[in-house]
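Chains as they are written, first to last, in this note's numbering: chain A, 161 to 465; chain B, 161 to 465.
There's no promise every hint is true.
No more than 20 Å apart at the CA atoms, straight line, and that leaves these computed lysine to aspartate or glutamate pairs for EDC-like [claimed, not checked]:
{"hint": "1", "chain 1": "A", "residue 1": "LYS347", "chain 2": "A", "residue 2": "ASP375"}
{"hint": "2", "chain 1": "A", "residue 1": "LYS347", "chain 2": "B", "residue 2": "GLU366"}
{"hint": "3", "chain 1": "A", "residue 1": "LYS364", "chain 2": "A", "residue 2": "ASP249"}
{"hint": "4", "chain 1": "A", "residue 1": "LYS364", "chain 2": "B", "residue 2": "ASP249"}
{"hint": "5", "chain 1": "B", "residue 1": "LYS347", "chain 2": "A", "residue 2": "ASP249"}
{"hint": "6", "chain 1": "B", "residue 1": "LYS216", "chain 2": "B", "residue 2": "GLU442"}
{"hint": "7", "chain 1": "B", "residue 1": "LYS350", "chain 2": "A", "residue 2": "GLU386"}
{"hint": "8", "chain 1": "A", "residue 1": "LYS238", "chain 2": "A", "residue 2": "GLU259"}
{"hint": "9", "chain 1": "A", "residue 1": "LYS408", "chain 2": "B", "residue 2": "ASP462"}
{"hint": "10", "chain 1": "A", "residue 1": "LYS347", "chain 2": "B", "residue 2": "GLU454"}
{"hint": "11", "chain 1": "A", "residue 1": "LYS347", "chain 2": "B", "residue 2": "GLU433"}
{"hint": "12", "chain 1": "A", "residue 1": "LYS291", "chain 2": "A", "residue 2": "ASP267"}
{"hint": "13", "chain 1": "B", "residue 1": "LYS408", "chain 2": "A", "residue 2": "ASP462"}
{"hint": "14", "chain 1": "A", "residue 1": "LYS434", "chain 2": "A", "residue 2": "GLU386"}
Since the hints were made in silico from the structure, they are not lab data.
Protein chains: 2
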Amino acid sequence: MGLLVVGSVALDSVATPFDKVDNALGGSATYISLSASYFSGPVHVVAVVGDDFPQKYLQMLESHNIDLDGLQVIDGGKTFRWAGKYHYDLNSRDTLLTELNVFEKFDPIIPDHQRKSKFVCLGNIDPVLQKRVLDQLEKPQFVVCDTMNYWIEGKKDELVSLLPRVNVLIINDSEARLLANEPNLIKAAKLIIGMGVQTLIIKKGEHGALLFSGDVIFSAPAYPMEMIFDPTGAGDTFAGGFIGYLYKTQDLSVENIKRAVIYGSTMASFCVEKFSTEELEELSYLRIQDRYREFLGLSRFDDNL
Amino acid sequence: MGLLVVGSVALDSVATPFDKVDNALGGSATYISLSASYFSGPVHVVAVVGDDFPQKYLQMLESHNIDLDGLQVIDGGKTFRWAGKYHYDLNSRDTLLTELNVFEKFDPIIPDHQRKSKFVCLGNIDPVLQKRVLDQLEKPQFVVCDTMNYWIEGKKDELVSLLPRVNVLIINDSEARLLANEPNLIKAAKLIIGMGVQTLIIKKGEHGALLFSGDVIFSAPAYPMEMIFDPTGAGDTFAGGFIGYLYKTQDLSVENIKRAVIYGSTMASFCVEKFSTEELEELSYLRIQDRYREFLGLSRFDDNL
Numbered sequence: 161m162g163l164l165v166v167g168s169v170a171l172d173s174v175a176t177p178f179d180k181v182d183n184a185l186g187g188s189a190t191y192i193s194l195s196a197s198y199f200s201g202p203v204h205v206v207a208v209v210g211d212d213f214p215q216k217y218l219q220m221l222e223s224h225n226i227d228l229d230g231l232q233v234i235d236g237g238k239t240f241r242w243a244g245k246y247h248y249d250l251n252s253r254d255t256l257l258t259e260l261n262v263f264e265k266f267d268p269i270i271p272d273h274q275r276k277s278k279f280v281c282l283g284n285i286d287p288v289l290q291k292r293v294l295d296q297l298e299k300p301q302f303v304v305c306d307t308m309n310y311w312i313e314g315k316k317d318e319l320v321s322l323l324p325r326v327n328v329l330i331i332n333d334s335e336a337r338l339l340a341n342e343p344n345l346i347k348a349a350k351l352i353i354g355m356g357v358q359t360l361i362i363k364k365g366e367h368g369a370l371l372f373s374g375d376v377i378f379s380a381p382a383y384p385m386e387m388i389f390d391p392t393g394a395g396d397t398f399a400g401g402f403i404g405y406l407y408k409t410q411d412l413s414v415e416n417i418k419r420a421v422i423y424g425s426t427m428a429s430f431c432v433e434k435f436s437t438e439e440l441e442e443l444s445y446l447r448i449q450d451r452y453r454e455f456l457g458l459s460r461f462d463d464n465l
Numbered sequence: 161m162g163l164l165v166v167g168s169v170a171l172d173s174v175a176t177p178f179d180k181v182d183n184a185l186g187g188s189a190t191y192i193s194l195s196a197s198y199f200s201g202p203v204h205v206v207a208v209v210g211d212d213f214p215q216k217y218l219q220m221l222e223s224h225n226i227d228l229d230g231l232q233v234i235d236g237g238k239t240f241r242w243a244g245k246y247h248y249d250l251n252s253r254d255t256l257l258t259e260l261n262v263f264e265k266f267d268p269i270i271p272d273h274q275r276k277s278k279f280v281c282l283g284n285i286d287p288v289l290q291k292r293v294l295d296q297l298e299k300p301q302f303v304v305c306d307t308m309n310y311w312i313e314g315k316k317d318e319l320v321s322l323l324p325r326v327n328v329l330i331i332n333d334s335e336a337r338l339l340a341n342e343p344n345l346i347k348a349a350k351l352i353i354g355m356g357v358q359t360l361i362i363k364k365g366e367h368g369a370l371l372f373s374g375d376v377i378f379s380a381p382a383y384p385m386e387m388i389f390d391p392t393g394a395g396d397t398f399a400g401g402f403i404g405y406l407y408k409t410q411d412l413s414v415e416n417i418k419r420a421v422i423y424g425s426t427m428a429s430f431c432v433e434k435f436s437t438e439e440l441e442e443l444s445y446l447r448i449q450d451r452y453r454e455f456l457g458l459s460r461f462d463d464n465l
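Excised from the complex, chain A in its bound form (with noise of 0.2 Å):
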């Protein structure tokens, strides 16, 4: 059946303390997709590009294994296109642009053969619209869902509203503090679990990603970069690889669920040591399985109890 994935295909143009890059790919569709597919194939986009789409990107996603069924190219549009700057620290960055051109007006269509998948990551688009996704899927098992400071203050009855057909939130800390209102960040995972989510996913950054599942808290570590090339996608990233090797495995414990955060930190660090998808285009599942291995060590200690 494969894994949907629905969100943004945009053309990133994003400076840092580094270099800078021009009409790069980007979008959350894009990263989740292409993080996913070294998990698990055929990945099923669902998104939307204008006709000034370069056709070597599509190469690139298809020989990915990832299904471009369902990515709309609408004739005479503009693909979404979005600019930023990234200030010294990489923490912070400035929009300079964003462009929505073909995705004002996206409604996510699933294709009819798509419309069983099983497993859903619905990227940070317009939460009525990730809700339309899922009024389209006969049955989903496992729904994944990102979200952004924009829709948590434009949308949130609408985002709540969704909540509690989701199986994991997948969001950052400030986006946790906000969308609870409330500034501990453990009180406010406790009120979004509330809200109806089944798990939560709280990502740090450099400081790594808290899980929330039931009575479970995990603490994943993050790798310890020295050169943070780019940070776009990262978020993206990480999702992608959660989803995926949780698709591959099919074992929603709360333990793989565990493994999956693992995974998903261990794409992200990659995503981040390049510009655009330059490092998640060539990946082997060695090199991935290498880092995880790092992560393990990371946190890892004989406790001698």
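Following the hints, position chain B against chain A.
Just chain B now, with coordinates in the frame of chain A:
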């Protein structure tokens, strides 16, 4: 022989968003020695107070097998006083008052019978005094050292020249960035190791702690605190639990140092639950072990390899 602790003993007035307390017991040597006392006694404290220092605090410390032979009581002198106010999120604070009093002319004299001490914890006093302590010791085996922004900015050369004589430097993330003059924490850690310190621990508050030793990097989780009552002394309490556990076990392997980081974190998590040393005064080894186990559960998982 016992564990030697040198630092400040103070009277703290602390305001948090929840409550306030005046002239409560404080100071780095206080927190370090109380925390360490749960692992091994006697703990020898070298510090200074005035004759206004409440007798009840001396009795409380002595009841924890803390030896006060090295505590100078200055006739007619006033004890070091500090007052601070924490902001809403408890991550930042304003210092309202710093009255050094007898601490201004503190000259740490190690009593003769403590000069053979093998395990030493240097609280965040002037690096010139920290050096003077080491000069009085016959052959210290394991030196743990704390410092603070004030000394990094004002006496960097003195501090850096001390580092090759230190086994473990324990500082927080902003201090590490300042000492190394490098925003990337992993790079900063390597630069500090390059200054000659054997092992570096970087405390990151609600994000846990990082240990750097040789090629080993270890990431310790933070205890998920829903309520931080008063953060004062958490760092010193960490250091006390850390060195207390190592002194008790007399095992300086990296594996055991990782365990000590978790014990340090465990003690710090108790410290912040009440004002001043209140919670540290009434702990039991059983409660410490229970929380240590909770810490293990936070990062533990079956890697399935």
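Now for the hints, and whether the structure bears them out:
no. : hint                 : result
1   : A:LYS347 to A:ASP375 : 13 Å, holds
2   : A:LYS347 to B:GLU366 : 13 Å, holds
3   : A:LYS364 to A:ASP249 : 15 Å, holds
4   : A:LYS364 to B:ASP249 : 17 Å, holds
5   : B:LYS347 to A:ASP249 : 13 Å, holds
6   : B:LYS216 to B:GLU442 : 15 Å, holds
7   : B:LYS350 to A:GLU386 : 10 Å, holds
8   : A:LYS238 to A:GLU259 : 9 Å, holds
9   : A:LYS408 to B:ASP462 : 17 Å, holds
10  : A:LYS347 to B:GLU454 : 18 Å, holds
11  : A:LYS347 to B:GLU433 : 15 Å, holds
12  : A:LYS291 to A:ASP267 : 11 Å, holds
13  : B:LYS408 to A:ASP462 : 17 Å, holds
14  : A:LYS434 to A:GLU386 : 13 Å, holds
Every hint, counting from the list given before, is met by this structure.
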